[in-house]
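Engineer: Top to bottom, those sequences are chains A and B.
According to the numbering used here, the first sequence holds residues 1 to 111 in order.
According to the numbering used here, the second sequence holds residues 1 to 121 in order.
Bear in mind the hints are in silico, worked out from the structure with no lab data behind them.
Hints should not be assumed to be uniformly reliable.
Heads up, simulated DSS-like pairs for lysine-lysine below, C-alpha to C-alpha not over 25 Å straight-line [what the hints assert, rightly or not]: (1) B:K55 <-> A:K98; (2) B:K14 <-> A:K98; (3) B:K55 <-> A:K36; (4) B:K41 <-> A:K36.
On a predicted model such as this, the values are computed, not experimentally measured, just so you know.
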Amino acid sequence: GEDVEQSLFLSVREGDSSVINCTYTDSSSTYLYWYKQEPGAGLQLLTYIFSNMDMKQDQRLTVLLNKKDKHLSLRIADTQTGDSAIYFCAEDILGFQKLVFGTGTRLLVSP
Amino acid sequence: GAVVSQHPSWVICKSGTSVKIECRSLDFQATTMFWYRQFPKQSLMLMATSNEGSKATYEQGVEKDKFLINHASLTLSTLTVTSAHPEDSSFYICSARDPWGVYREATNEQFFGPGTRLTVL
Numbered sequence: 001g002e003d004v005e006q007s008l009f010l011s012v013r014e015g016d017s018s019v020i021n022c023t024y025t026d027s028s029s030t031y032l033y034w035y036k037q038e039p040g041a042g043l044q045l046l047t048y049i050f051s052n053m054d055m056k057q058d059q060r061l062t063v064l065l066n067k068k069d070k071h072l073s074l075r076i077a078d079t080q081t082g083d084s085a086i087y088f089c090a091e092d093i094l095g096f097q098k099l100v101f102g103t104g105t106r107l108l109v110s111p
Numbered sequence: 001g002a003v004v005s006q007h008p009s010w011v012i013c014k015s016g017t018s019v020k021i022e023c024r025s026l027d028f029q030a031t032t033m034f035w036y037r038q039f040p041k042q043s044l045m046l047m048a049t050s051n052e053g054s055k056a057t058y059e060q061g062v063e064k065d066k067f068l069i070n071h072a073s074l075t076l077s078t079l080t081v082t083s084a085h086p087e088d089s090s091f092y093i094c095s096a097r098d099p100w101g102v103y104r105e106a107t108n109e110q111f112f113g114p115g116t117r118l119t120v121l
């Protein structure tokens with residue numbers, strides 16, 4: 001099945017780290033992605049991880065993948081008010097050539 | 001690079017009319033484009049996969065006669081919402097793959113348009 005779950009809301013203070021979690025059910029994914037969506041806008045790819053990796057770091061972003069538990073997380077270091085947005089994880093379903101998106105996590109960063 | 005545009009960015013129409021939304025890849029050729037629908041405070045739901053020169057593949061539950069998709073060139077796909085009703089009001093987002101890897105970071109990466117907000121009165 002294709003079911004990708006995220007917690008709905010996360011609130012942090014500026015300068016803190018944010019951790020957004022995602023669980024998925026389909027183990028055939030080749031890539032897992034994190035997208036950012038600002039109000040009324042399309043999606044911006046933040047980072048991705050290949051399914052045979054455990055971790056990927058990209059500047060302030062760290063992605064952790066636990067394939068055994070089908071758990072993906074995105075850590076944003078030194079979170080800024082400009083990071084306030086909705087974050088979606090997505091998996092690329094092998095063979096179907098399509099993305100299945102998570103439910104989205106609304107991140108609110110307060111000064 | 002890897003810019004995908006949508007037109008219009010927003011549209012308001014009367015119930016019963018048809019609305020066409022365009023999705024263009026501006027600096028790369030996209031053999032495959034995707035159309036998503038997003039309700040307020042919800043995730044993106046894939047509606048259909050549009051392949052250049054062939055019929056679109058619709059997801060389960062999406063009416064192909066209501067949501068007409070045409071992908072006549074490698075840079076343009078259109079979604080026409082026919083006989084629109086208030087329940088069709090939504091945010092429609094397209095995306096495009098860059099199959100030749102001109103701009104891709106990851107295999108099968110999709111580049112998203114800015115979305116079109118449709119309001120049906």
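Engineer: Keeping to a limit of 25 Å between CA atoms, is the pair of K41 (chain B) and K36 (chain A) held or broken?
Structural biologist: Holds, because 14 Å separates the two Cα atoms, which is no more than 25 Å.
Engineer: Quick one, are K55 (chain B) and K36 (chain A) close enough, alpha carbons at most 25 Å?
Structural biologist: violated, 31 Å
Engineer: Are the Cα positions of K55 (chain B) and K98 (chain A) separated by 25 Å at most?
Structural biologist: Holds, at roughly 16 Å.
Engineer: Between K14 (chain B) and K98 (chain A), is the straight-line Cα distance small enough, at 25 Å or below?
Structural biologist: Violated: K14 (chain B) and K98 (chain A) sit about 33 Å apart, past 25 Å.
The structure shown violates the earlier hints numbered 2, 3.
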